[in-house]
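Colleague: For reference, the chains in residue letters:
There are 2 protein chains.
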Amino acid sequence: MVRCMKLGPVVRASGRALSTAAGRQQRRALAAETADQDQVTRKNFADVQRERKEQAKNSVLISCPSKINEKKFLKHLSRHGEVANHFFFDSHGVHALVEFVNTESIISLLSATKVPDNEDTCVLPFKSRFIKVKSQELDLHHVKCTPQTSVSINQLLKKLSGAKNIVDQAHIILDELQLTEESIRVRYLVSSLVSDIATAYFPEATVHLYGSSVNSFGKMGCDLDLFLNLDSLKDVSGKPASSFVTEYWMRQVSSGRVAQQKVLSVIGECIESFGPGCTEVHKILSARCPLVRFYHQSAGLHCDLTADNEIALRTSELLYIFGNIDSRVRPLVFTLRCWARVHGITSSVSGHWITNFSLTTMILFFLQKRNSPVIPTLDQLKNLAGKNDKRIIEDNDCTFVSDLSKIKPLENTEPLDTLLIEFMEFYGTFDFSKNCIDIRKGVEKNKPDSSPLYIQNPFEQSLNISKNVNKCQLERFVHLVQEGSWTLQKQASQPLEKGKEHWGLASILFPTDSDGLFRSKKRLDANRLGSILDSLKVSNNNRKTTTQKQTKH
Amino acid sequence: MVRCMKLGPVVRASGRALSTAAGRQQRRALAAETADQDQVTRKNFADVQRERKEQAKNSVLISCPSKINEKKFLKHLSRHGEVANHFFFDSHGVHALVEFVNTESIISLLSATKVPDNEDTCVLPFKSRFIKVKSQELDLHHVKCTPQTSVSINQLLKKLSGAKNIVDQAHIILDELQLTEESIRVRYLVSSLVSDIATAYFPEATVHLYGSSVNSFGKMGCDLDLFLNLDSLKDVSGKPASSFVTEYWMRQVSSGRVAQQKVLSVIGECIESFGPGCTEVHKILSARCPLVRFYHQSAGLHCDLTADNEIALRTSELLYIFGNIDSRVRPLVFTLRCWARVHGITSSVSGHWITNFSLTTMILFFLQKRNSPVIPTLDQLKNLAGKNDKRIIEDNDCTFVSDLSKIKPLENTEPLDTLLIEFMEFYGTFDFSKNCIDIRKGVEKNKPDSSPLYIQNPFEQSLNISKNVNKCQLERFVHLVQEGSWTLQKQASQPLEKGKEHWGLASILFPTDSDGLFRSKKRLDANRLGSILDSLKVSNNNRKTTTQKQTKH
Chain A
22 MVRCMKLGPV VRASGRALST AAGRQQRRAL AAETADQDQV TRKNFADVQR ERKEQAKNSV
82 LISCPSKINE KKFLKHLSRH GEVANHFFFD SHGVHALVEF VNTESIISLL SATKVPDNED
142 TCVLPFKSRF IKVKSQELDL HHVKCTPQTS VSINQLLKKL SGAKNIVDQA HIILDELQLT
202 EESIRVRYLV SSLVSDIATA YFPEATVHLY GSSVNSFGKM GCDLDLFLNL DSLKDVSGKP
262 ASSFVTEYWM RQVSSGRVAQ QKVLSVIGEC IESFGPGCTE VHKILSARCP LVRFYHQSAG
322 LHCDLTADNE IALRTSELLY IFGNIDSRVR PLVFTLRCWA RVHGITSSVS GHWITNFSLT
382 TMILFFLQKR NSPVIPTLDQ LKNLAGKNDK RIIEDNDCTF VSDLSKIKPL ENTEPLDTLL
442 IEFMEFYGTF DFSKNCIDIR KGVEKNKPDS SPLYIQNPFE QSLNISKNVN KCQLERFVHL
502 VQEGSWTLQK QASQPLEKGK EHWGLASILF PTDSDGLFRS KKRLDANRLG SILDSLKVSN
562 NNRKTTTQKQ TKH
Chain B
22 MVRCMKLGPV VRASGRALST AAGRQQRRAL AAETADQDQV TRKNFADVQR ERKEQAKNSV
82 LISCPSKINE KKFLKHLSRH GEVANHFFFD SHGVHALVEF VNTESIISLL SATKVPDNED
142 TCVLPFKSRF IKVKSQELDL HHVKCTPQTS VSINQLLKKL SGAKNIVDQA HIILDELQLT
202 EESIRVRYLV SSLVSDIATA YFPEATVHLY GSSVNSFGKM GCDLDLFLNL DSLKDVSGKP
262 ASSFVTEYWM RQVSSGRVAQ QKVLSVIGEC IESFGPGCTE VHKILSARCP LVRFYHQSAG
322 LHCDLTADNE IALRTSELLY IFGNIDSRVR PLVFTLRCWA RVHGITSSVS GHWITNFSLT
382 TMILFFLQKR NSPVIPTLDQ LKNLAGKNDK RIIEDNDCTF VSDLSKIKPL ENTEPLDTLL
442 IEFMEFYGTF DFSKNCIDIR KGVEKNKPDS SPLYIQNPFE QSLNISKNVN KCQLERFVHL
502 VQEGSWTLQK QASQPLEKGK EHWGLASILF PTDSDGLFRS KKRLDANRLG SILDSLKVSN
562 NNRKTTTQKQ TKH
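Just so you know, the protein sequences line up as chains A and B, in that order. So for the first sequence, the numbering used here puts the first residue at 22; every next one is plus one. So for the second sequence, the numbering used here puts the first residue at 22; every next one is plus one.
So here's chain A without its partners, still in its complex pose (with noise of 0.2 Å):
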């Protein structure tokens, strides 16, 4: 299976994607010995965004018997024109995603594809670039299938046990747990047909991913955050030619808010009815930002679709350059996000925890707060800024360069593995009654009020991202970084034992007495942990909240 990928967010020194077992490994070993230079993109935000876009406008998604012969399929679906890349993958059956060349070999294939005629059952006919292919001629062996989702706990903790030392290990969190190439690709495509289905009565409409899917930050099975954008409708313009001027016939309602409302319904109700593959569709249209939630089964994705979130999505671009700034932003995020999750720090379910966003945003602050700095601010960024980054989102100026090759690498080099210790070390002493956090100036602020924990929302400033921490959760936070920058200072003072078996990061990844949930007990076998680390793959049953979306970015 010949797979020559155009690499978007997480372009590797092969210039090639491997998903397969063999594939991580080979890369981790190349992450490991390039370590500092190869994880990182410098492609803009928005290039990436278009390209993938493109590709996923190529592409179509078609469900497959578990059998099929490879080469018969790609010969007959060369038919159609020059196949540019595709995979397989099992989510509720095998399915492949296959990119074509050009956007004419997905009319001819559609134009070659019935509509189902079962004698026994009714369809109904929403034609959508989601198919099925049929086939008697069937191989023995079922096709080889691209993960969706991480290795097992036990896979990984053996994983961290072969490591050279804690920077390795890091990079291997990384590595197992991020967004693999095709699963950004069928993230894409999920968002390229609800695209479709948007764009059949708005055609102006435009459909973005946001959040963990593009910010660079995402782990293999993470929600899928969509957002419609329908303002692109109201740049029509015209000079009146005449003392006449037309206008649309549009209903008007109250307020933006209810003009969201009436058309993620609407859509709600196409995707509920007739969207290919998709389940569990939800109207959660009374929430403060109204959503339509549905699973896509075929793609193995929660996904939730909002109206008119440009904030958010500046936000995802702004974590996404964070991200590609330097090599050592990801592991760090990667590596404390997993320990933060093991020790219930964070969680799946909306309350007092702090959320990914927050946590990622302490890491970002604690970077831009070295003596020597890892990353500029936000205010850095926005002097970077070119013309034509000039953002202004509802009265918020969100403003910062875009274009990566502006900003130069920072001189701080110290090695992850201390960077991971001074960042426990900093919120271990941090002052969190007097101190709010900004990454906007990178600098402590006195807090606006009393909220336990304060992190300014670096565009909408007023905001604190983590007002819903309670001071409870915040002191277990604070606990288990000085908890975990002591033990990680033994573990790096120690010298490698090799064939020990939890050693270096895998020793702050086991939950201790202090964390409140397993105080029974000291140690937790294996499966046990394994159960938690679990969780940290897909959040499927306990789904984020409404009030947990407004962070996510």
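Mixed in with the good hints there might be a few duds.
Chain copies aren't distinguished; within one or between two, either way the pair holds.
Said to hold, decoys possible - With a straight-line cut-off of 30 Å between C-alpha atoms, the simulated DSS-like cross-links for lysine-lysine are:
1. 408 / 135
2. 96 / 74
3. 466 / 403
4. 411 / 135
5. 135 / 74
6. 165 / 179
7. 78 / 135
8. 488 / 468
9. 179 / 521
10. 165 / 96
11. 390 / 429
12. 427 / 403
13. 135 / 93
Since the hints were derived computationally from the structure, they do not count as laboratory data. Remember, predicted model here, so these are calculated numbers, not experimental data.
Let chain A serve as the given structure and place chain B on it in line with the hints.
Modeller: Below, chain B alone, put in the same frame as chain A:
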């Protein structure tokens, strides 16, 4: 104001549609002169539908200021291409229906049309061919609007009193109550706008008008019945060119009914949320024939949209053929429907009353039963059918000739007044206790069950279209035809008294003692009658229910 219209179902000798009051008068004079020759068309049903749909596709609905300068308005529009037709009408504000010669003009006009950008309100940005025109350059006078409802009953009675004879009176009734050219155009445009909504998701779907809007028996203000045909979608075929077959991934449902419900639900949601000019949207999906009911305020039309109603469309064509075989059919049907409505034989609400469709079928049956028949039987029309006329719908043979020129005129030359009296004689002595009415064979048959009135459905032959009628209503009908026959014969035998207020047909358009509805007064004053007859025009308040729906063709 120049109008030059291509005429559809109602083609008049002049080749022009004249819808103003003056026009009506001219047209009626014309009708009287050329009676029995000019009131029928020789265009086939399918051709009329096709032409009308094309017209509608090239048309836009424009909301205008009431004092718009017509000349400048047209000049403005002509920037986008040649205007083929236009007229103004008033329905919750002044509107223009403008037909362009070419579709490109519509595209050009819409590309110059803005999305409203009122700061104070939000709009649902759904673009359609319903637009608004704004202008500072207004005239002193209101623009001239074509009527969208019939004349008042007082005017009708006045016109009847001024007629030459009963035949002339019947033509006046036809002329005053039938759909005008403009009303037909508005109906096709609304259908076309609904089609735009439906084809956004189902590009091969077609929306058809059926029932009174197209069967040649429609009254001004009657409901607009539409159905969405999704079946054409299933025709996509193709021989498998390889051992692989591709099929669209489509949601499967347990029955065609569920599929209809889901499709109508989505379209209903769209119409409700942003259907321009649509109000009072109700999804009546649990009805036997699921439908979406709405009021197109700007067209002044109550609309019912169902899915898959092929037989109803076929029935509409059959009625259209009967209405256009002989010029006496339509004035006879309009006169008798008017009479029946006055006496409460038919009603706009569902119940035990005889429906318009049943009454029309009874009239057709009577015309087939004349010694020398006025119209052929359905079986005779079937025998004239060509290859392309063959139509089996849900196992029902719906075959009949569609080419009107193949139907040779029959020899009966009885005048309209004779037919009117003979109709009443016929049903005054008809043995309803034994016999069933069947326009397929054109002969009485034994009733298959004990329903008081049994009229066999011409296509679904096991069904009785007048199953709803109870004994009491049938007895009232028989009593009223007997009385009507007696009154009319008396009128026919008397010399015409010039200046006498209510003579001829007017004499049977007065409710009598026997009507039950009006026992207390021997005679009603004109105002009272007016209010009753007004209900003939638009049945806005007591709208027909779904049960009745089934029998509207």
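Colleague: Going back to the hint list, which numbers does this structure go against?
Modeller: Of the numbered hints given earlier, the structure breaks none, since each of them holds.
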